[in-house]
Amino acid sequence: MKTFGGRTLFLDRSDINTDEIIPAKYLTEVDKDALGPHLLEDLALPGFDPKAARKGTVGVIVTRANFGCGSSREHAPWALEVNGITVVIAESFARIFRQNMFNGGMLAIELPAATIGELFAAFAGSASAACTVDLDAKKLRMEGEGRSAEYAFTLSPFDEALVGSGGWVEFADARY
Amino acid sequence: MGKTITEKIFDAHLADEPFTGTKVLRLDAVLCHEITTPIAIADLVWRKKDRVFDPSKIKAVIDHVTPAKDSKSALQGKIMREWAARNGIRDFFDIGSNGVCHALFPEKGFIRPGFTVIMGDSHTCTHGAFGAFAAGVGTTDLEVGILKGVCAFRQPTTIRVEVTGALPRGVYAKDVILDIIRRLTVNGATDRILEFTGTTVAAMSMEERMTLSNMAIEAGATSGLCMPDRVTLDYLWPFVAGDFGGDKAKALADYQRWWSDPDAPYESTLAIDATALEPVATVGYKPDQVKKLAELEKEKVRVDQVYIGSCTNGRISDLRIAAAVTKGRKLAPGTRGILCPATPAIYRAALHEGLLDIFMDAGYVVTNPTCGACLGMSNGVLAKGEACASTTNRNFNGRMGKGGMVHLVSPASAAASGVAGHLVDPRAFL
Numbered sequence: 001m002k003t004f005g006g007r008t009l010f011l012d013r014s015d016i017n018t019d020e021i022i023p024a025k026y027l028t029e030v031d032k033d034a035l036g037p038h039l040l041e042d043l044a045l046p047g048f049d050p051k052a053a054r055k056g057t058v059g060v061i062v063t064r065a066n067f068g069c070g071s072s073r074e075h076a077p078w079a080l081e082v083n084g085i086t087v088v089i090a091e092s093f094a095r096i097f098r099q100n101m102f103n104g105g106m107l108a109i110e111l112p113a114a115t116i117g118e119l120f121a122a123f124a125g126s127a128s129a130a131c132t133v134d135l136d137a138k139k140l141r142m143e144g145e146g147r148s149a150e151y152a153f154t155l156s157p158f159d160e161a162l163v164g165s166g167g168w169v170e171f172a173d174a175r176y
Numbered sequence: 001m002g003k004t005i006t007e008k009i010f011d012a013h014l015a016d017e018p019f020t021g022t023k024v025l026r027l028d029a030v031l032c033h034e035i036t037t038p039i040a041i042a043d044l045v046w047r048k049k050d051r052v053f054d055p056s057k058i059k060a061v062i063d064h065v066t067p068a069k070d071s072k073s074a075l076q077g078k079i080m081r082e083w084a085a086r087n088g089i090r091d092f093f094d095i096g097s098n099g100v101c102h103a104l105f106p107e108k109g110f111i112r113p114g115f116t117v118i119m120g121d122s123h124t125c126t127h128g129a130f131g132a133f134a135a136g137v138g139t140t141d142l143e144v145g146i147l148k149g150v151c152a153f154r155q156p157t158t159i160r161v162e163v164t165g166a167l168p169r170g171v172y173a174k175d176v177i178l179d180i181i182r183r184l185t186v187n188g189a190t191d192r193i194l195e196f197t198g199t200t201v202a203a204m205s206m207e208e209r210m211t212l213s214n215m216a217i218e219a220g221a222t223s224g225l226c227m228p229d230r231v232t233l234d235y236l237w238p239f240v241a242g243d244f245g246g247d248k249a250k251a252l253a254d255y256q257r258w259w260s261d262p263d264a265p266y267e268s269t270l271a272i273d274a275t276a277l278e279p280v281a282t283v284g285y286k287p288d289q290v291k292k293l294a295e296l297e298k299e300k301v302r303v304d305q306v307y308i309g310s311c312t313n314g315r316i317s318d319l320r321i322a323a324a325v326t327k328g329r330k331l332a333p334g335t336r337g338i339l340c341p342a343t344p345a346i347y348r349a350a351l352h353e354g355l356l357d358i359f360m361d362a363g364y365v366v367t368n369p370t371c372g373a374c375l376g377m378s379n380g381v382l383a384k385g386e387a388c389a390s391t392t393n394r395n396f397n398g399r400m401g402k403g404g405m406v407h408l409v410s411p412a413s414a415a416a417s418g419v420a421g422h423l424v425d426p427r428a429f430l
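Protein sequences appear in the order of chains A and B. The first sequence maps to residues 1 to 176 in the working numbering. The second sequence maps to residues 1 to 430 in the working numbering.
Honestly, the hints are just simulated from the structure, not real lab data. Cβ atoms here follow ideal geometry from the backbone N, Cα and C, with glycine treated the same way. A couple of the hints might just be wrong.
[Stated by the list, open to error] Covered stretches of chain B (in silico footprint by chain A; criterion: 3 or more residues with CB under 8 Å from a CB of chain A, positions within the stretch not fixed):
no., stretch
1, 15 to 22
2, 34 to 42
3, 81 to 93
[Unchecked claim] In silico DSS-like links for lysine-lysine, alpha-carbon gap of 27 Å or less:
no., chain 1, residue 1, chain 2, residue 2
4, A, Lys51, B, Lys72
5, A, Lys55, B, Lys48
6, A, Lys25, B, Lys384
7, A, Lys32, B, Lys48
8, A, Lys51, A, Lys32
9, B, Lys69, B, Lys402
10, A, Lys32, A, Lys2
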């Protein structure tokens with residue numbers, strides 16, 4: 001099983017699509033590591049520097065609604081993964097992106113819009129905001145600049161099984 | 001309570017329900033292209049499981065960047081070619097026979113009513129036009145599909161989209177689906193199935209229905225289905241006549257068993273009066289940012305490039321419509337035109353019908369069938385600050401090239417805008 005948590009990057013926009021997460025011109029790569037330097041390269045977000053998400057800087061992304069819409073490319077979660085980001089927390093996800101995250105044993109956590117709003121209000125301005133994820137208790141804890149907050153989340157039994165088994169290939173291979 | 005077409009397909013293909021509401025379905029077709037399949041192949045090789053569940057149910061094509069534009073895309077093609085050969089995949093389409101997957105595979109008769117279909121491509125929903133459950137998936141789902149012939153989905157919930165009335169002159173399936181996306185918004189159908197019904201859809205050809213279903217994903221939908229009817233049957237007849245002993249009535253009865261029941265459960269119904277629709281274009285970076293061309297025309301929105309092609313609108317009927325608008329006219333000075341017939345058969349038909357002459361006389365370049373320009377990979381990438389009137393399906397920021405703007409339009413509107421040099425209502429050109 002992967003490890004979850006770490007410094008947290010806030011992306012304050014809905015409908016961030018997979019072309020923005022990893023542009024199509026890099027889809028000729030057949031090595032996941034080659035995607036790493038191009039993560040969020042084309043993200044249209046005022047003031048955002050793609051270097052903020054580069055390898056080892058963050059482990060968690062918090063964002064708004066419909067994250068990962070558009071192309072089915074699993075290169076999007078891979079580009080996150082090779083940079084050490086294994087958790088995305090959002091109001092909602094596009095179906096294929098969410099499934100791709102769990103299929104790779106990563107976490108796509110949905111929280112109510114109001115909770116996401118609280119997280120942005122309390123922590124988005126903090127350069128040191130960090131998140132810990134307790135998968136057994138289904139709780140996440142955000143800390144930054146002396147503040148902290150804890151939220152419960154839910155995972156469907158299937159999503160939880162995928163994370164526990166390391167992904168869909170492992171799950172399916174053991175069962176079918 | 002009755003069942004929707006999708007529920008009936010799920011019931012008929014259920015292999016496992018490991019958790020309540022998680023439906024693992026047996027797959028009738030696993031479609032593969034060279035962008036999302038090679039990493040699945042590499043993983044299977046690494047796991048020492050380089051095999052396929054059923055070579056006759058796997059269809060593969062090199063379509064996104066073809067012919068290869070560089071060493072990396074050449075390697076992707078090579079991986080596909082060698083994998084198809086060593087696994088006995090006979091339906092593999094390479095240079096000379098390759099075309100845009102969602103135009104090519106239906107043309108070959110691979111998609112049938114009641115089928116379950118996956119592909120590592122979000123526009124796989126196109127095949128819902130045949131009354132199939134067809135969904136785009138990631139590479140991991142594709143890999144398991146290749147190896148085991150199954151894929152997991154949530155229990156389906158359906159939004160019924162009922163389009164009624166005759167389409168006004170100058171309004172096409174593309175305008176209909178853009179209006180549907182405008183109303184639903186880009187995530188209004190996330191985790192939902194769209195079911196396209198009503199007299200307008202019943203009167204549409206398979207090519208028009210594929211345009212509708214193609215863009216279901218742009219509203220977030222898992223798939224977008226049309227009921228398989230006489231139109232579906234006529235399209236598929238060369239491939240299925242033998243299955244029904246040449247008896248069309250028998251075939252139709254077989255197809256109708258998939259139809260949603262009159263008392264099937266829908267989450268909601270979106271009713272659209274087709275007679276009130278107008279030609280539209282997107283202005284912005286999301287496919288739900290749709291405006292009427294009659295109004296946009298006044299703003300003289302510049303068009304540097306026109307692109308006619310893709311899995312949305314690169315079929316022969318699309319080319320005929322665009323050619324009728326273009327005939328005897330020229331591209332505006334400063335506007336370049338790219339015509340990309342979606343498959344070799346479409347290319348050949350356009351050649352024989354004289355359509356290519358019409359486009360070339362107007363100043364278009366005709367390219368081989370490929371996805372390239374639609375996602376900014378090859379054959380028509382935009383420069384920063386440029387705009388394209390495009391018959392494709394996505395207008396995301398940077399989609400056709402960093403800093404470029406894509407206006408999604410019908411083939412008639414694209415062709416007319418090419419002549420005008422800015423976005424125009426095509427009705428004055430018909």
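A quick look at each hint next to the structure:
{"no.": "1", "hint": "15 to 22", "result": "holds (count 7)"}
{"no.": "2", "hint": "34 to 42", "result": "holds (count 5)"}
{"no.": "3", "hint": "81 to 93", "result": "violated (count 0)"}
{"no.": "4", "hint": "A:Lys51 <-> B:Lys72", "result": "holds (25 Å)"}
{"no.": "5", "hint": "A:Lys55 <-> B:Lys48", "result": "violated (30 Å)"}
{"no.": "6", "hint": "A:Lys25 <-> B:Lys384", "result": "holds (15 Å)"}
{"no.": "7", "hint": "A:Lys32 <-> B:Lys48", "result": "holds (19 Å)"}
{"no.": "8", "hint": "A:Lys51 <-> A:Lys32", "result": "holds (18 Å)"}
{"no.": "9", "hint": "B:Lys69 <-> B:Lys402", "result": "holds (18 Å)"}
{"no.": "10", "hint": "A:Lys32 <-> A:Lys2", "result": "holds (17 Å)"}
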